[in-house]
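The chain contents come next:
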Amino acid sequence: MALNITLLQVSFFLAAAITIFSAVMVVSAPKMLHAALWLVATLFGVAMLFATLQAGFFAVVQVLVYIGAIAILVIFAIMLTRRVMVDEGAQVIKLWWLAMVAAAGVYGGLVFLLRSWPGFLTVPLPVENDATLLPSLGQALVSPTGYIVPFEVSSILLLAALVGSIVIAWPRKE
Amino acid sequence: MTFLSDPVNFIVSWLRSLLAGWGATAGVSTFVLSLIGAGLLAMGSLMWVIFLIWYERKIIGRIQDRFGPNRAGPFGLFQPFADMIKIFLKEFITPRGADVVPYNIAPVLAVASVMLIWAVVPFAVTIFGVDLSVAVLYVVAVGALGDLAIIMAGWSSNNKYAMLGAFRMVAQMISYEVPMVLSLMVPVLLAGSLSMNDLVKAQTPWFIVTAPLAGLIFFITSVAEVGRAPFDLVEAESEIVAGFNIEYSGLKFGFFYVAEFMHAFTVSMLFAVFFLGGWQGPWAQAYPILGFIYFGIKTMVVYFVIILFRGALPRFRIDQMMNVTWKLLTPLALAVLFVTALLAKLLANMAVFPFTLVMLVANGVMLVFTSTLLSRFANRERVTFAVPGDTDESPEEASA
Chain A
83 MALNITLLQV SFFLAAAITI FSAVMVVSAP KMLHAALWLV ATLFGVAMLF ATLQAGFFAV
143 VQVLVYIGAI AILVIFAIML TRRVMVDEGA QVIKLWWLAM VAAAGVYGGL VFLLRSWPGF
203 LTVPLPVEND ATLLPSLGQA LVSPTGYIVP FEVSSILLLA ALVGSIVIAW PRKE
Chain B
602 MTFLSDPVNF IVSWLRSLLA GWGATAGVST FVLSLIGAGL LAMGSLMWVI FLIWYERKII
662 GRIQDRFGPN RAGPFGLFQP FADMIKIFLK EFITPRGADV VPYNIAPVLA VASVMLIWAV
722 VPFAVTIFGV DLSVAVLYVV AVGALGDLAI IMAGWSSNNK YAMLGAFRMV AQMISYEVPM
782 VLSLMVPVLL AGSLSMNDLV KAQTPWFIVT APLAGLIFFI TSVAEVGRAP FDLVEAESEI
842 VAGFNIEYSG LKFGFFYVAE FMHAFTVSML FAVFFLGGWQ GPWAQAYPIL GFIYFGIKTM
902 VVYFVIILFR GALPRFRIDQ MMNVTWKLLT PLALAVLFVT ALLAKLLANM AVFPFTLVML
962 VANGVMLVFT STLLSRFANR ERVTFAVPGD TDESPEEASA
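If you read the protein sequences in the order shown, they are chains A and B. Sequential numbering from 83 applies to the first sequence in my numbering. Sequential numbering from 602 applies to the second sequence in my numbering.
It is worth saying that the hints were derived from the structure and are not from the lab. Quick caveat, the model's predicted, so the values are computed rather than measured. Everything hinted at is true.
With a straight-line Cα cutoff of 30 Å, these simulated DSS-like cross-link-like pairs (lysine-lysine) come out:
#1 B/K928 with A/K255
#2 B/K687 with B/K761
#3 B/K761 with A/K113
#4 B/K691 with B/K659
#5 B/K691 with B/K761
#6 B/K946 with B/K928
Reference listing, derived: stretches of chain A covered by chain B, where coverage requires no fewer than 3 residues with Cβ under 8 Å from a Cβ of chain B:
#7 114-123
#8 135-142
#9 145-155
Ideal Cβ placement from N, Cα and C applies to all residues, glycine included.
Work out the full structure: start from the sequences and follow the hints.
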């Protein structure tokens, strides 16, 4: 058991290190396309975090939606604007330490707030039955006592986006 | 459990007891065994491609009234080994202005994206990498990494043909992913599970009988996903020379080549799992090795049909390809999914045989309806090919 916990911790630290390192690279890479590829690595790191929490469905959906759809869309947009892809100039401004202080402050505040939450120090409980997780998630999404309203609202939002994009792409008659 | 009926698990349990004898805890031995299993599966899939290349060249040769490879070894069996050694020894050429790191990562990612699928495929009732509870989604998600590899290859080679090929490939893959996922939802719906092994176990009768239209859509879209003829616009030699991999040489090109063959075989495996009952067959439950053989035979049959497609059909034009997916396959897949969901819910308490019959009839009605619409579309008078308001000629039009 002791070994299992350390393995989990090792994989967590690995995933966290990958995520943070590539997130830093996203904002500091001079080439836009490199930044987009680092973004893919960041999102992959988040998927790994989900996997270490035994949330396999979310890990897979993270890869499918964020890497398979959104990151590829971003890369396409960058590729189609080839002229402005390389950032000249420096990657850091003079007041970078101020941003660092602010970020550290936010991080410290969040840790301080979360320490008062009882779930902060508990070891993740093992999931008993992996197979029943997904059906219960699906039922929660469409049950009146669950999340039907947010689910339907977001579907309508997506539908509106779909209709809007078709209207924009429609060939105009002169 | 004996060696003959289930060799893989026999060896696994033997190794596990061996490791336990050396004082390893359960966690460590699981880790070591997973490592060995993953390595063997990856190596095995790569080695298998050597045979696939020979098999495909031989059959394509027969289709085109040639012999195919027939000099090296019996039936030319050693030809792929000669090619392999040649490709190992070739020089790597990196084009000037290439973006070196993505340029070198892309071929590896292309192979990895296919190989990752093998981790969840159930080869027999007890022989599989992992039995993920979200395996079907995992397969779709991993396919997205293949798109990424092609984008990286096309962009980083600093070549306009490569870029055009990558654009075409990704447009094709993203478009065909939509009907593919929709058609995959039908077996998932009928089995009530996203796990591959549960999908196989639920197939009495095979889903190709219960949901033939979904199977057809999945087959067409997976051929397009691989980028094979008739969907090989990516490497349309007459238009864009060789597509996204034009600037690659030596083993780096070889990786893309291997990825393509392995992908074609992998989608055959997936078709066998989703629609042909996977490892199912007589005595497959009791003797897993038999299930492995059944699965292999089914996969090879599907792979043979994919090769027949490649040998027999001419290439689509890019607008035709887009029309097929967006105007035919996507609406049809949506209709099939809708009808299947409705019937499966309404007839939930029906026995297997009448249920299958009803599903068959429903699929037949949809097929007749679609083919009537298609024949009407084919017989209508064609006025103009260009899009209204689009005055300049597109390159496809000029070459057509």
